[in-house]
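Novice: Mind docking chain B on chain A? Use the hints.
So the chains spell out like this:
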Amino acid sequence: MDLRELYQEVILDHGKNPRNHRFPEPHNREGRGYNPLCGDKVTLRLQLDGDTITDVGFVGQGCAISQASCSTMTQAIKGKTLPEVEELFSKFHTMLTSDEGSDDLEALGKLAVFAGVREFPMRVKCATLGWHTLNQALGDAGGEATTE
Amino acid sequence: MSEVSPATPSRRELFDVQSVREDFPALHQEVHAKPLVYLDSAATSLKPQAVIDAVADVYARDCANIHRAVHLLSQRATARFEEAREKVRSFVNAAKKSEVVFTRGTTDAINLVAQSWGRAYLREGDEVLVTELEHHSNIVPWQILCQQTGATLVVVPITDRGEVLREAFEQELSDRTRLVALAHVSNALGTVLPVAELIALAHDRGAVVLLDGAQAVSHVDVDVQALDCDFYAFSGHKLYGPTGIGALYGKERLLESMPPYQGGGDMIRSVTFEETTYNDLPYKFEAGTPNIAGAIGLGAAIDYFTSFDPQAVHAHENTVLRYATEALEAVSGVRLIGTAPGKVSALSFLMDVAHPHDIGTIVDSAGVAIRTGHHCAQPVMEHFGIAATARLSLGMYNTTDDVDALLDALRKVQEIFG
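Residue numbers (our numbering), protein chains in the order written: chain A, 1 to 148; chain B, 1001 to 1418.
Derived from the structure by calculation, the hints contain no laboratory data. You may find that some hints are simply not true.
[Said to hold, decoys possible] The calculated SDA-like cross-link candidates involving lysine to any residue, where the alpha carbons are at most 25 Å apart (straight line), are:
hint: 1; chain 1: B; residue 1: Lys1087; chain 2: B; residue 2: Leu1254
hint: 2; chain 1: B; residue 1: Lys1412; chain 2: A; residue 2: Arg4
hint: 3; chain 1: A; residue 1: Lys91; chain 2: A; residue 2: Gly139
hint: 4; chain 1: B; residue 1: Lys1412; chain 2: A; residue 2: Glu86
If we strip away everything but chain A, and leave its shape as in the complex, we get (with noise of 0.2 Å):
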């Protein structure tokens, strides 16, 4: 278990200096995220057009991984459209909780930095909230995501 292979620097920057830590105006999507387990909240607020996300920010308080999954996810999907991330986000999933780990770190980008995360089992939420959240604010289902 190598703690530089959890808190690589792209991670440790975008923890202390989250990339789109703002409300985008105009927004017309929001979710809030939750993880019962340490009490940080996230909130997410988007622009949808059509089917790509034309802009995205968030506010929230959070440890490290968490910020820094937020702001690193902020910065891929933008641009992106709904089939582009939910694909992004299978395989950020697949990368943190198989066993075998990501077959394809190359097409996460930067994201490939949480790689690390998978051998830290308690901190997968940490790093799946702000991913959550994001699905929350895409879906029609009220209410708060919640890691558990």
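Specialist: Quick look at chain B alone, frame taken from chain A:
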């Protein structure tokens, strides 16, 4: 040789933490290739070999149901189960064995009081008083009860040091207060509440008082008669005993006046489809086959704990806690949450460079187990305007070396995040 060797001092006279550590097998392992440093006893304490052996022995030898069969194994299991009840009685100094009800733990005991006493006696307009530092287990059962009865939950605020002051308590206490539910010791902050004083004030208003003793039993003396509390709830697993077993002490007069909590076997005297008569105390509240091995394990844990002078155990823990408090205060960027005088066992803190979850992962990789999160006390977190803390908590086996290991690990947090 005519010389008589001096008697070896018993463990009561001599508290030797190194020999205590030998009794806890879980301490002698490596995690992440580092020796385990266990600083999470407020979540659950480790178990001494004597407890592990007692539980195994029940299943290996005296494996039978209790209070039923005439065969020998059942007689032995019943005798050991009831001996365990006597040990609990003696440990909390209840007047009678029949005032000790075995439960699944503190939470179960509190729910028992809420659903049995509470539903029988609370009405709309009545008030249940709790404090801001309660564990969720001493909040949610009362919220449910208030929804069921129309009673109101009233909260005594804490100070910024994490104390419950007499004045604040008196402010919220009224003639409508029917029940007061208080932590004896706060799990998130380590504050010891002035319970004897608060109980007297509550009794002056005619209120019944329940103490949540989950964090108290292994760190402060408990004497339910001296405290004059009406109910006292605690768990075995925070007292070096097994999980899934705990006890509720209740004054006989109150327990007698309460309807059963659950229906089933053992709690009845006779059953027909027309009518059921209930068993005597404490069996009226012990429906179904209980956690027999757990109760016997709890008895073994009490035997183990009381083989030491509890004052010596408390003094040892307080020395380590003082050391940890001073050491953490000296680390730049560390802020202690909960600074009440006379605290025991638990120390919550924040670091300006890292979130508690990141602290927890990094110190874990150094072999140090601490708790991070809201500690099931979200109103406490709310009071301090935070989502979570990192918390170290002590057991009788901890040493200042354990604290040093944590400090080394915190330096690693600063290296990574600084």
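Novice: When you check the alpha-carbon spacing of Lys1412(B) and Glu86(A), does it fall within 25 Å?
Specialist: With a Cα-Cα distance of about 37 Å, the restraint between Lys1412(B) and Glu86(A) is violated, given a limit of 25 Å.
Novice: Verify the proposed pairing of Lys1087(B) with Leu1254(B), using a straight-line Cα cut of 25 Å.
Specialist: Distance of about 22 Å is within 25 Å: holds.
Novice: Taken at face value, is the distance from the CA of Arg4(A) to the CA of Lys1412(B) at most 25 Å?
Specialist: holds, 11 Å
Novice: Just to be careful, I want the Cα atoms of Lys91(A) and Gly139(A) compared with a cutoff of 25 Å; is the pair within it?
Specialist: Given pair Lys91(A), Gly139(A) holds - Cα atoms ~19 Å apart, limit 25 Å.
Taken one by one, the earlier hints fail for this structure only at number 4.
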